[in-house]
Amino acid sequence: MVVTAGLVLLIFPLADGTWSKPVHGFSSQVIQQGATGDDVIELQARLQYLGFYNGDIDGVFGWGTYWALRNFQYEFGLDIDGLAGQEVKNKLVKASNYDEGYVKKQIQEGKDFTHYGGVPKSQQTKQPSGQSSNQPQGQGGSEGGGQPDEPTAVNVPSGYSQNDIQLMANAVYGEARGEPYVGQVAVAAVILNRVQSASFPNTASGVIFEPRAFTAVADGQIWLEPNDQAKEAVMDAINGWDPSGQALYYFNPNTATSDWIWTRPQIKQIGKHIFCK
Amino acid sequence: MIRWSLVVVLSIAVVGLGVWGYQENQDKNAVLIQAENSYQRAFHDLTYNIDLLHDKIGSSLAMNSKQSLSPQLADIWKISSEANTDVGQLPLTLLPFNKTEEFLYDIGDFAYRTAVRDLEKKPLSDEEIKLLEELHAKSGEIEEELRKVQNEVLSDNLRWMDVELALATNDEVGDNTIVNGFKTVEKSMDSFESSVTEVGFGSSGPEKDFRDLQGENLTKAEARKQASKWLEKVDTEKLTLTKSGKGADVPTYTASFQEGDKNGYIDLTEKGGHPLTIMISREVNDPQISLYEASEKAKEYVGGLDIDNLELVESNQYDKMGVFRFLYTKNDVRFFPDTVVVKVALDNGEILGLSARDYYDYHIDQDLNEPEISLEEARSKVNPNVDIQEHHLSVIENDLKEQVLCYEFLTTMESTTYRIFINASTGEEEKVETLKKAEMKFNQEI
Chain A
-7 MVVTAGLVLL
3 IFPLADGTWS
13 KPVHGFSSQV
23 IQQGATGDDV
33 IELQARLQYL
43 GFYNGDIDGV
53 FGWGTYWALR
63 NFQYEFGLDI
73 DGLAGQEVKN
83 KLVKASNYDE
93 GYVKKQIQEG
103 KDFTHYGGVP
113 KSQQTKQPSG
123 QSSNQPQGQG
133 GSEGGGQPDE
143 PTAVNVPSGY
153 SQNDIQLMAN
163 AVYGEARGEP
173 YVGQVAVAAV
183 ILNRVQSASF
193 PNTASGVIFE
203 PRAFTAVADG
213 QIWLEPNDQA
223 KEAVMDAING
233 WDPSGQALYY
243 FNPNTATSDW
253 IWTRPQIKQI
263 GKHIFCK
Chain B
122 MIRWSLVVVL
132 SIAVVGLGVW
142 GYQENQDKNA
152 VLIQAENSYQ
162 RAFHDLTYNI
172 DLLHDKIGSS
182 LAMNSKQSLS
192 PQLADIWKIS
202 SEANTDVGQL
212 PLTLLPFNKT
222 EEFLYDIGDF
232 AYRTAVRDLE
242 KKPLSDEEIK
252 LLEELHAKSG
262 EIEEELRKVQ
272 NEVLSDNLRW
282 MDVELALATN
292 DEVGDNTIVN
302 GFKTVEKSMD
312 SFESSVTEVG
322 FGSSGPEKDF
332 RDLQGENLTK
342 AEARKQASKW
352 LEKVDTEKLT
362 LTKSGKGADV
372 PTYTASFQEG
382 DKNGYIDLTE
392 KGGHPLTIMI
402 SREVNDPQIS
412 LYEASEKAKE
422 YVGGLDIDNL
432 ELVESNQYDK
442 MGVFRFLYTK
452 NDVRFFPDTV
462 VVKVALDNGE
472 ILGLSARDYY
482 DYHIDQDLNE
492 PEISLEEARS
502 KVNPNVDIQE
512 HHLSVIENDL
522 KEQVLCYEFL
532 TTMESTTYRI
542 FINASTGEEE
552 KVETLKKAEM
562 KFNQEI
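Protein chains in written order, with the working numbering: chain A, -7 to 269; chain B, 122 to 567.
Incorrect hints may have been included.
With a cut-off of at most 20 Å between alpha-carbon atoms, the simulated EDC-like pairs for lysine to aspartate or glutamate come out as follows [stated by the list, open to error]:
id	chain 1	residue 1	chain 2	residue 2
1	B	K420	A	D156
2	A	K269	B	E307
3	B	K558	A	E171
4	A	K269	B	D479
5	B	K304	A	D251
6	B	K418	A	D73
7	A	K269	B	D311
8	B	K558	B	E435
9	B	K383	A	D73
10	B	K220	A	D104
11	A	K269	B	D482
12	B	K308	A	D251
13	B	K558	A	D251
14	B	K367	A	D251
15	B	K354	B	D382
Covered stretches of chain A (in silico footprint by chain B; criterion: 3 or more residues with CB under 8 Å from a CB of chain B, positions within the stretch not fixed) [claimed, not checked]:
id	region
16	43 to 56
17	86 to 99
18	106 to 113
19	200 to 211
20	226 to 237
21	252 to 259
Source of the hints: derived by calculation from the structure; they are not laboratory data.
Don't be surprised by glycine CBs; every beta carbon is placed ideally from N, CA and C.
I would like the entire structure built from these sequences, with the hints used as guidance.
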């Protein structure tokens, strides 16, 4: 931590007069692929300043950032491991300028911008196209520092968008909001198992909206606003958790009207739901 | 006077109510007709597509030239997929109709595999032709039965809304013509399943279910002890223990506990007591530790499993959680199907979940063949427009659900990263994946 504080002193605005804000360094964490947050924004901005990174400065350490970092490590004679540890951060801070105020302002205003070294700021900002759909949440971090800014992008599991997750969270919340958390994950897993199965539609929306498949869809409860727990349950299911044991059906034994559903081989009961093949 | 004005006001109210009621009724009917029409559309589409399917399979049997057979099979694939979509739009979920759906899927699967194959080099085998004949006969039966139902629907003005009602109330299901027709179709599928498995293909794929589980069967007391070991040493008295039913792929014990706001859950295999799923649910506060620290915790945690050589291949931060994906490796070969996933809370580094189901499901201790082609040869098979950044030897499951040894290349083109698998014995390009990028946030909070 002392090292980081010392670093701040090392850097003063260099000859390039357009960089107005003084810089302060990374936090002490080792940044690795998949991370999100303030440090990633700084990492991307610094790599872009040096010309290694050409993607969006969005605060999510994805593959683009990973290769950029490795190239940087290669060029600067460091171990090529794709991890931003202390040595890497020191070298980065030494070699580049980071105008935090500028970057944060652009992110907050939802602008399309870059952070290349030696290019005047006026050429690095584009006005947002159309309605600014990616307005950042909250008003945190107005003067660079203070509250951490939100990244402008999020990690999503491969093959799913935020909207898919939202739709599934709606279904899970409508179907199982009174159930224990594991029961909600299991319901989400059943939806995914059906997508995989030969005898059901091949998309999450197809499975959810299949007529008579889910009571919450039939009676409109699917359109209730889901809570964070339902979303987390969906994320867990997508990431591979399946407490249902590969079930394709579930039913509430107290309210089930179909005799046929009782003939399915049962796997287990979680909360009020019996899960079956 | 007062009485007269009262009469006038009341009559206006009655007439108004009548008009309003009439309009409401009209609206309701309009919605019902709309719903009925979309069911009708799906149903008539379905019968049409089955018709077409039967014809196309028939003509593919008569075809001799490979140039016309491949497109024909591709066509069959497309039509069977459309027929499946139609089925998905009908209110049949509570009706046993899955064999027919699987049949449609099987047709599609078979047609796809043969359509993409080079039929010049590898023409249809006798068994495949026999299967095609069987598919032709079966689709003919379905066609006939559905045509019958369709005829009755049209001549008697049968409504799908009634089917829905009949299924919902579970009342006199036996008397509904449409339901009966679909049941007959489903019954005719019974004889089909066996002939599919003979040819060695089908929606189920080759057996993979937990072939290689080690260990002795656990008693209930042992299961409790084992569960407590994984669930933070929680008192065995506090655990609720149940055994899986007969539908489970592999017999398991399930243990769970509830302690204030915190609850835990674990699935253990009965044989050997291996943990398949562990979940701990609690309120998670704002992140305090880095993803890297969390990954170290996850590594330490999987060290406690009875699985050697797990390699961390993917880490992701989702809001307040870190999710880490590990692959089983043996002699530096990465086994993509054998995955273990660990979830870590970023507020204090506690492990909140483990999913080793895929690992135990797919894993078999097998001796691998040495790659038959060299790395350089494999490299030359990769698209020259991409830059190769990293390479590994890996085992993946291909389209045919076989495990194959491949050279894995991580490559970039423009700003996108691709994972390319080249078969290490044939040099074929088995799979190319686009690795995901972060998604822009929209206004909503996720």
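Cross-check of the supplied hints:
1. B:K420 x A:D156: violated, 30 Å
2. A:K269 x B:E307: holds, 18 Å
3. B:K558 x A:E171: violated, 33 Å
4. A:K269 x B:D479: holds, 18 Å
5. B:K304 x A:D251: holds, 15 Å
6. B:K418 x A:D73: holds, 19 Å
7. A:K269 x B:D311: Roughly 18 Å separates the two Cα atoms, so the pair holds.
8. B:K558 x B:E435: Holds: K558 of chain B and E435 of chain B sit about 13 Å apart, inside 20 Å.
9. B:K383 x A:D73: violated, 38 Å
10. B:K220 x A:D104: Between K220 of chain B and D104 of chain A the Cα gap is close to 52 Å, so the pair fails against 20 Å, i.e. violated.
11. A:K269 x B:D482: holds, 17 Å
12. B:K308 x A:D251: holds, 18 Å
13. B:K558 x A:D251: violated, 46 Å
14. B:K367 x A:D251: holds, 18 Å
15. B:K354 x B:D382: Cα-Cα ~17 Å, so holds.
16. 43 to 56: holds (count 7)
17. 86 to 99: Coverage by chain B is violated here, the residue count being 0 at a Cβ distance below 8 Å.
18. 106 to 113: violated (count 0)
19. 200 to 211: Satisfied; 4 residues make the cut.
20. 226 to 237: Check passed, 8 qualifying residues.
21. 252 to 259: That given contact holds, which follows from 6 residues of the region 252 to 259 of chain A lying within Cβ reach (below 8 Å) of chain B.
In this structure, the earlier hints numbered 1, 3, 9, 10, 13, 17 and 18 are contradicted, and the remaining ones agree with it.
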